[in-house]
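Asker: Sequence:
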Amino acid sequence: MPSVAAVLTLLGKPEQALQLLWVESDDHRALHQSFPRLRSGQAPRAPSGCARRASRRALSSFRLPTLCRSKGRASLTRESGLNMIMRKRKLDIGNSRYICLDPEAKMATAVEMLFLSRDDIVSLNLGPQDVVGAVEKALVEHSNGTYEMHPKIGVHPTQTDPGNFIHAMPAYLKGMKACGLKWVAGFSNNYQRDLPNVTGIMVYNDVDTGIPLAVMDCSYLTGLRTAAVSAIIARLCARSGSRVLALAGCGFQGTMHLRFITALIPSIVAVRLRDVRAPAAAALAEEGRRYFCGEITICGSNEECLRNADIISTCTDGEDRIIEKEWFKEGAFGVGIEGGCAYTAAALHQADKFIVDDIPLAEYFDQIGRNRVTADGRPDPEFPGGLPRIYSTIGEIVAGKKPGRESDRERIVAIPIGMGICDVALGAVLYETARQKNVGRVLRLM
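With positions in the sequence shown counted from 1, the corresponding number in this note's numbering is that position plus 23.
Don't read these hints as lab results, they were simulated from the structure.
Incorrect hints may have been included.
Under the rule of at most 25 angstroms between Cα atoms (straight-line distance), these lysine to aspartate or glutamate pairs were calculated in the DMTMM-like manner [to be verified]:
(1) K197 to D142
(2) K348 to E309
(3) K460 to D229
(4) K352 to E433
(5) K200 to E419
(6) K352 to D340
(7) K160 to D217
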């Protein structure tokens with residue numbers, strides 16, 4: 024019966040340090056001891072005591088040609104044996120299986136991924152047109168059906184607010200050859216802790232191997248893609264020559280929406296801002312004046328902000344039905360990122376056209392409702408009065424398959440729930456741009 028030392032010597036390189044973890048034998052402690060960790064240049068030692076007896080039992084059926092039963096090769100040779108074990112990281116001895124944990128055991132190809140922080144993404148300095156181009160491609164793919172995406176899988180830790188959520192949003196775009204997963208949280212009371220409401224990460228994968236290429240902050244990404252979708256559909260469905268933009272909700276999403284909508288609709292000359300937190304509205308007004316040359320007004324009430332505006336953009340947490348039917352004038356366009364929550368039932372259902380980004384997604388959220396109850400204790404619906412009849416998806420209008428606005432008198436409402444394919448499309452742009460500019464940190468995955 025050869026000793027463990029003899030086995031390692033026969034394998035060709037006894038100076039290599041092997042640490043083998045036993046996973047399928049009753050004598051696991053003794054067997055673990057029988058494979059000592061070796062320093063460089065140190066010869067392997069034969070086990071002693073109970074370790075020797077245990078190893079003899081486990082190695083009673085030992086045959087060198089069948090020492091390692093690895094997929095694709097049933098035997099080892101003196102020259103190739105150790106290399107195969109190191110490569111496969113698996114060793115079967117007798118009836119016991121071991122996993123090689125030697126840090127010197129290298130993969131044939133190193134796997135690295137790029138880490139992008141929020142600051143890294145901001146430093147890439149993508150403009151509205153860069154973001155819009157990527158998002159439009161995703162919307163067209165959606166209209167063509169060349170994608171894979173499912174309704175958001177979520178959990179809802181509601182200790183601080185009943186509307187809290189954490190969603191998983193996997194998506195795959197066949198045409199763009201892009202896939203990934205966004206794991207995003209929305210906690211509306213985070214401002215009380217000086218934290219952003221939206222946080223999370225985006226994992227961007229290689230479509231040929233499935234290997235993660237990048238992990239990046241998704242809070243800034245989400246703000247960019249959400250504002251891009253709203254601005255894209257506003258450009259196609261707002262009345263030509265729209266001059267007044269009303270923006271309710273002046274947090275990060277509101278900031279992005281002001282930037283993108285005014286960039287894509289240059290006819291806007293006046294912006295009205297409204298937020299329940301006055302400092303947020305003041306901060307957005309100050310920032311907006313850096314790139315918007317028109318008039319910016321901070322409004323003291325919802326009616327002052329919303330009544331008779333040409334375009335209404337809502338970026339609230341959806342606690343109140345703030346848009347009344349009488350304020351939503353003929354020919355107006357509204358886009359809301361909080362579902363239909365910002366509209367009263369009368370305002371929502373008077374729309375001549377109701378547009379969503381994804382029909383199954385809208386139907387899913389209509390079915391599950393919101394994690395809140397109304398004042399009289401009933402479940403609070405995602406769409407007050409029920410889901411309106413859907414005219415079109417945003418992608419169909421972007422692709423020219425259906426017209427957007429057909430009359431200056433139409434009232435049109437668009438509710439983009441938020442699609443993972445748009446996140447993946449933008450993630451691809453961020454990844455490639457970061458590589459070109461040498462931004463981010465490369466991490467060894469395996």
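Asker: Now look at each hint and say whether the structure bears it out.
Answerer: A quick look at each hint next to the structure:
Using a Cα cut-off of 25 angstroms, the hinted pair K197 and D142 is violated, with the two alpha carbons roughly 30 angstroms apart. Under the criterion of a C-alpha separation no larger than 25 angstroms, the hint pairing K348 with E309 is inconsistent with the structure, at around 31 angstroms. Proximity of K460 to D229 is assessed by CA-CA distance (about 20 angstroms); at most 25 angstroms being required, the pair is judged to hold. Pair hint K352 plus E433 holds up; C-alpha atoms about 9 angstroms apart against a cutoff of 25 angstroms.
With a C-alpha separation of about 21 angstroms, the suggested pairing of K200 with E419 holds against the 25 angstroms cut-off. For the proposed pair K352 and D340, the alpha carbon gap of about 23 angstroms is at most 25 angstroms, so the pair holds. Restraint check for K160 and D217: the C-alpha separation of about 35 angstroms exceeds 25 angstroms, so the hint is violated.
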